[in-house]
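Using the sequences and the hints given, assemble the complete structure.
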Amino acid sequence: GAGVSQSPSNKVTEKGKDVELRCDPISGHTALYWYRQSLGQGLEFLIYFQGNSAPDKSGLPSDRFSAERTGGSVSTLTIQRTQQEDSAVYLCASSLTLGLGNTGELFFGEGSRLTVL
Amino acid sequence: AQSVTQLDSHVSVSEGTPVLLRCNYSSSYSPSLFWYVQHPNKGLQLLLKYTSAATLVKGINGFEAEFKKSETSFHLTKPSAHMSDAAEYFCVVSEKQAGTALIFGKGTTLSVSS
Chain F
1 GAGVSQSPSN KVTEKGKDVE LRCDPISGHT ALYWYRQSLG QGLEFLIYFQ
51 GNSAPDKSGL PSDRFSAERT GGSVSTLTIQ RTQQEDSAVY LCASSLTLGL
101 GNTGELFFGE GSRLTVL
Chain H
1 AQSVTQLDSH VSVSEGTPVL LRCNYSSSYS PSLFWYVQHP NKGLQLLLKY
51 TSAATLVKGI NGFEAEFKKS ETSFHLTKPS AHMSDAAEYF CVVSEKQAGT
101 ALIFGKGTTL SVSS
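If you're matching them up, the sequences are chains F and H in order. Anchor point for the first sequence: position 77 equals 77 in this note's numbering, and the numbering is continuous, going up by one each time. Anchor point for the second sequence: position 81 equals 81 in this note's numbering, and the numbering is continuous, going up by one each time.
Hints listed in this document are in silico derivations from the structure and should not be mistaken for laboratory results. Warning: the hint list may mix true and false statements.
[Claimed, not checked] Below, simulated BS3-like cross-link-like pairs (lysine-lysine); rule was C-alpha separation at most 25 Å, straight line:
1) H/K58 / H/K69
2) H/K58 / F/K57
3) H/K58 / H/K106
4) F/K57 / F/K15
5) H/K69 / H/K49
6) F/K11 / H/K42
[To be verified] A few chain F residues facing chain H, derived, Cβ under 8 Å:
7) L43
8) F45
9) Y48
10) E105
11) L106
12) E110
[What the hints assert, rightly or not] Some chain F residues well away from chain H (every beta-carbon gap over 12 Å; in silico):
13) V12
14) R22
15) Q83
Even glycine gets a Cβ: it sits at the ideal position worked out from N, Cα and C.
Next comes the structure, spelled out in structure tokens:
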């Protein structure tokens, strides 16, 4: 597609359930990012995939959070045993990497709004 | 590791007056710096980007930012605010190495009154 696509756009779940959020990046973009946006917290970095390199998972808040990127394209963010504090908008972004030290513009999806009851 | 601090969580200006949104960064290496804007109920959009060329960077909608290494700052300015500039603005840092994530500041909400 033309842009970064995320699904579902809205997800309401009960505390303790697992959820999966999907991101379909722009075709050909080598870098893919997940961020979490909570009110008053700005964008919190979660995880970063760059080509075939090992992902940078340094932003994942707990071991309940994990992410995969299959075939260098689609990514899934999984949250296990959801808690109320996981409620937020989860944003995915992709970019070209233009060479060493030259990060391309991030193109963001519209986000998946997660509400944990 | 890199980090970024936006010094004001909220800035209010009158239409037609200058805008200043402050950002300081910390980076072990020469950074790339960005400003992104998020309008209400819309996605994030790149305003401008610094990657070691000219220290004064011009972006869209009349915004510009100046990279000052000695002050570790990358403040965003605009000479004359417009009502449509009301939005949330994020300063972003990335270290100039392959495989480094972009780190966002907590954001500054800009309000513009008539």
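The hints, checked one at a time:
1. H/K58 / H/K69: Roughly 17 Å between the alpha carbons, so the hint for H/K58 and H/K69 holds.
2. H/K58 / F/K57: violated, 33 Å
3. H/K58 / H/K106: holds, 22 Å
4. F/K57 / F/K15: Judged against 25 Å, a Cα distance of about 24 Å means the pair holds.
5. H/K69 / H/K49: Given pair H/K69, H/K49 holds - Cα atoms ~15 Å apart, limit 25 Å.
6. F/K11 / H/K42: holds, 18 Å
7. L43: The hint holds - F/L43 has a Cβ within 8 Å of chain H, the shortest such distance being about 4 Å.
8. F45: Hint holds; F/F45 Cβ to chain H Cβ min 6 Å, cut 8 Å.
9. Y48: holds, 4 Å
10. E105: holds, 5 Å
11. L106: Hint holds; F/L106 Cβ to chain H Cβ min 6 Å, cut 8 Å.
12. E110: holds, 6 Å
13. V12: holds, 19 Å
14. R22: holds, 17 Å
15. Q83: holds, 22 Å
Checked against the numbered hints above, the structure violates only hint 2.
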